[in-house]
Amino acid sequence: MLKFFMTAGAAALLVAIAPAQAADAKPNDAQIAHIAYTAGTLDVAAGKQALAKSHDKAVRDFASEMVRDHEAVNDKALALVKKLNVTPQDNPTSAALKAAADKKRDELAKLDGPAFDKAYIANEVAYHRTVNGALRDTLIPSAQNAELKALLKTGLTLFSEHQAHAEHLAAHLK
Amino acid sequence: MNHLRFAALAFVAAVTPPSGGLAAATHVVVIDRMKFGTLPAKLHVGDTISWVNRDLFRHSATARDGSFDIDLPAGKSGTTVLRKPGAIAFACKYHPGMRGVLHVVK
Numbered sequence: 001m002l003k004f005f006m007t008a009g010a011a012a013l014l015v016a017i018a019p020a021q022a023a024d025a026k027p028n029d030a031q032i033a034h035i036a037y038t039a040g041t042l043d044v045a046a047g048k049q050a051l052a053k054s055h056d057k058a059v060r061d062f063a064s065e066m067v068r069d070h071e072a073v074n075d076k077a078l079a080l081v082k083k084l085n086v087t088p089q090d091n092p093t094s095a096a097l098k099a100a101a102d103k104k105r106d107e108l109a110k111l112d113g114p115a116f117d118k119a120y121i122a123n124e125v126a127y128h129r130t131v132n133g134a135l136r137d138t139l140i141p142s143a144q145n146a147e148l149k150a151l152l153k154t155g156l157t158l159f160s161e162h163q164a165h166a167e168h169l170a171a172h173l174k
Numbered sequence: 001m002n003h004l005r006f007a008a009l010a011f012v013a014a015v016t017p018p019s020g021g022l023a024a025a026t027h028v029v030v031i032d033r034m035k036f037g038t039l040p041a042k043l044h045v046g047d048t049i050s051w052v053n054r055d056l057f058r059h060s061a062t063a064r065d066g067s068f069d070i071d072l073p074a075g076k077s078g079t080t081v082l083r084k085p086g087a088i089a090f091a092c093k094y095h096p097g098m099r100g101v102l103h104v105v106k
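Chains H and E, in that order, are what the protein sequence lines are.
Heads up: the first sequence begins at 1 in the numbering used here, then just goes up one per residue.
Heads up: the second sequence begins at 1 in the numbering used here, then just goes up one per residue.
Mixed in with the good hints there might be a few duds.
Once the Cα atoms are required to be at most 27 Å apart in a straight line, the calculated DSS-like pairs of lysine-lysine come out as [what the hints assert, rightly or not]:
| id | chain 1 | residue 1 | chain 2 | residue 2 |
| --- | --- | --- | --- | --- |
| 1 | E | Lys-76 | H | Lys-76 |
| 2 | H | Lys-53 | H | Lys-110 |
| 3 | E | Lys-93 | H | Lys-76 |
| 4 | H | Lys-153 | E | Lys-76 |
| 5 | H | Lys-48 | E | Lys-93 |
A few chain H residues facing chain E, derived, Cβ under 7 Å [unchecked claim]:
| id | residue |
| --- | --- |
| 6 | Glu-65 |
| 7 | Ala-72 |
| 8 | Lys-76 |
| 9 | Thr-157 |
| 10 | Glu-161 |
Okay, the calculated bits of chain E under chain H, using three or more residues with CB under 8 Å as the criterion [said to hold, decoys possible]:
| id | region |
| --- | --- |
| 11 | 53-64 |
| 12 | 90-102 |
In case anyone wonders, no lab produced these hints; they're calculated from the structure.
This structure is a prediction, so every number in the text was calculated from the model and none was measured.
Glycine is no exception: its CB is placed at the ideal position from the N, C-alpha and C atoms.
With the hints as constraints, model all of the structure from the sequences given.
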């Protein structure tokens with residue numbers, strides 16, 4: 001059952017990421033910055049929701065790590081776009097990511113206790129898997145600026161750690 | 001210039017054990033971009049590891065055997081004094097893919 005939800009979540013996000021790729025196979029740096037920043041902000045919001053709702057220490061520790069790490073990388077991203085004089089550009093991929101995350105947040109808001117913990121962590125697995133796929137296959141190869149590309153690569157290493165951590169927790173919560 | 005030279009010599013003296021190998025040395029391990037930097041090849045009991053976190057993220061240097069657990073907020077440093085010989089596996093407890101092994105001899 002859990003597996004089904006994870007797969008469904010990942011599929012929804014894949015669909016969410018697809019439109020911009022179809023419309024423009026290569027997002028520009030201003031769009032890439034916007035997508036990466038949005039993805040981070042959404043995971044910070046998910047972490048804050050978990051900190052407000054969960055009583056499980058392992059889940060709370062994970063959520064704190066998500067808030068801390070994603071805020072750190074987003075602070076760096078903001079400083080970088082300012083330095084490069086790039087204005088992050090909203091785009092269909094960012095909008096779709098936000099719509100999917102808003103929907104998930106509403107679903108999670110209705111859950112409590114272990115049911116919330118399982119659903120939150122399952123979504124974190126799916127979310128990081130999807131964002132990491134987008135970083136690896138689309139955003140990093142498309143990025144033109146070397147500093148942006150380097151930050152995205154660090155982000156991919158970081159988020160891969162998050163994905164592994166979430167997968168470990170998901171197995172533990174079964 | 002002389003001051004600089006003196007400072008450089010003093011620094012080398014501080015981090016390099018004398019040829020007799022009796023005095024303890026301090027070895028710097030830099031953490032950046034989600035990785036522990038190069039680990040010193042030769043470590044002796046009594047030596048100190050200075051963990052320097054230059055990354056954006058909070059990390060830790062945590063021994064698998066529990067002998068040390070150094071919290072390293074972004075931009076901060078911490079030290080570990082090596083108390084026993086052997087191979088000591090360690091990792092970042094927040095990002096366990098970041099890991100290494102310290103090889104310590106007597």
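For each hint, the structure was consulted:
Between Lys-76/E and Lys-76/H, the direct Cα distance comes to roughly 17 Å. Compliance with the 27 Å bound is thereby established for this hinted pair. Between Lys-53/H and Lys-110/H, the direct Cα distance comes to roughly 10 Å. Compliance with the 27 Å bound is thereby established for this hinted pair. Taken as a hint, the Lys-93/E and Lys-76/H pair is honoured in the structure, with Cα atoms around 23 Å apart against an allowance of 27 Å. Between Lys-153/H and Lys-76/E, the direct Cα distance comes to roughly 23 Å. Compliance with the 27 Å bound is thereby established for this hinted pair.
A C-alpha spacing of about 21 Å is found between Lys-48/H and Lys-93/E, which places the hinted pair at or below 27 Å, so the restraint holds. Here the hint on Glu-65/H is kept, as its CB sits about 6 Å from the closest CB of chain E, short of 7 Å. Because the closest C-beta pair between Ala-72/H and chain E is about 5 Å apart, less than 7 Å, the hint holds. Interface hint status for Lys-76/H: upheld, as the beta-carbon distance to the closest one in chain E is roughly 5 Å, under 7 Å.
For Thr-157/H, the interface hint holds, the least distance from its beta-carbon to any beta-carbon of chain E being 4 Å, beneath 7 Å. Annotation: interface hint on Glu-161/H holds; nearest CB of chain E at approximately 4 Å, less than 7 Å. Note: the region 53-64 of chain E has 3 residues with beta-carbon separation from chain H under 8 Å; the three-residue rule is met and the coverage holds. Residue count for the region 90-102 of chain E with a Cβ under 8 Å from a Cβ of chain H: 5. That meets the three needed, and the coverage hint holds.
Of the numbered hints stated above, none is contradicted by the structure.
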